[in-house]
Amino acid sequence: MLKRIWSYLAILFGGVVIACGFNLFLIPHHLLSGGVSGLAMLIGYFSPFNISVMYFVLNIPILIAGWIQIGKKFIGLSVLSVVTVTVLLEFIPVKAVASDMLLSSVFGGVLVGVGAGISFRVGGSTGGFDIIGSIVTRYRDFPVGTVLVGMNAIVILAVAYLENDWNLALASMLSIYVTGRMIDLLHINHIKVTVYIVTDQTDALLEKLLKRPRGVTKIKTEGAFTHKEKDMLMTVTTRYELAELKTIIKETDPQAFVNIVETVAVMGQFRRG
1 MLKRIWSYLA
11 ILFGGVVIAC
21 GFNLFLIPHH
31 LLSGGVSGLA
41 MLIGYFSPFN
51 ISVMYFVLNI
61 PILIAGWIQI
71 GKKFIGLSVL
81 SVVTVTVLLE
91 FIPVKAVASD
101 MLLSSVFGGV
111 LVGVGAGISF
121 RVGGSTGGFD
131 IIGSIVTRYR
141 DFPVGTVLVG
151 MNAIVILAVA
161 YLENDWNLAL
171 ASMLSIYVTG
181 RMIDLLHINH
191 IKVTVYIVTD
201 QTDALLEKLL
211 KRPRGVTKIK
221 TEGAFTHKEK
231 DMLMTVTTRY
241 ELAELKTIIK
251 ETDPQAFVNI
261 VETVAVMGQF
271 RRG
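When we follow my numbering, the leftmost residue of the sequence shown carries the number 1, and every step to the right adds one.
If you're looking for bench data, these hints aren't it; they were derived computationally from the structure.
All the given hints hold, so there is nothing to weed out.
DSS-like, lysine-lysine: derived pairs with alpha carbons at most 27 Å apart:
{"no.": "1", "residue 1": "246", "residue 2": "228"}
{"no.": "2", "residue 1": "218", "residue 2": "208"}
{"no.": "3", "residue 1": "72", "residue 2": "192"}
{"no.": "4", "residue 1": "192", "residue 2": "250"}
{"no.": "5", "residue 1": "73", "residue 2": "211"}
{"no.": "6", "residue 1": "192", "residue 2": "3"}
{"no.": "7", "residue 1": "218", "residue 2": "192"}
{"no.": "8", "residue 1": "211", "residue 2": "192"}
{"no.": "9", "residue 1": "228", "residue 2": "218"}
{"no.": "10", "residue 1": "211", "residue 2": "3"}
Everything numeric in this text was worked out from a predicted model, so none of it was measured.
Required output: the full structure, derived from the provided sequences and hints.
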């Protein structure tokens with residue numbers, strides 16, 4: 001229960017940080033963030049539509065796709081983040097903290113990246129391309145931030161064309177790059193870990209672990225002191241998926257001995273299925 005409350009509080013805090021990055025640094029200078037928020041800003045700058053409303057509306061189909069592909073817990077936290085940012089964009093005044101566009105792009109990118117990274121660390125996201133990035137990294141071994149930067153190219157080209165101002169486009173690109181770097185620093189999804197689980201609940205654990213996209217190896221072990229035979233399960237997973245894996249282990253066998261080791265490299269088929 002405490003962990004769940006902490007996750008909710010972290011998501012809310014991340015939403016506050018992101019909304020501040022938008023309304024205090026990026027939006028006053030007509031700079032863009034990445035992904036869906038960037039599209040919402042683009043629409044808001046060149047139409048009468050409200051940025052916060054567009055941010056929420058554009059996220060709806062992506063959240064539905066994430067619900068199907070990723071899972072209810074992840075998307076539940078993502079919905080909380082999207083709603084938080086949407087509401088705060090209405091209440092935080094749009095006022096430039098820094099008059100310099102370049103400084104605003106950097107610090108705005110830092111705030112958005114920190115907010116998104118916090119959301120990822122507790123098992124959620126900020127919606128939008130973050131969810132698409134998470135879906136991609138479940139199938140391909142790329143850092144989330146790098147995936148997001150790659151998907152944002154079309155948004156940058158759009159603002160350069162519509163504003164006819166490459167300074168604005170390049171400053172937006174810098175902001176998006178900084179955001180991506182901050183996400184990778186906080187989220188470290190692309191780092192692999194090997195998990196060794198010594199358990200008495202082998203069948204129950206395997207039933208849950210084999211539903212995940214990672215393979216599991218079963219090894220017979222014997223305690224050196226007790227001479228009692230046990231099973232050890234070994235699996236390689238990502239740091240992002242580690243939180244989910246720990247929850248499964250705690251719920252199934254709270255007495256299990258678990259050793260988690262950072263993995264230097266993986267050869268062969270990392271994803272099962």
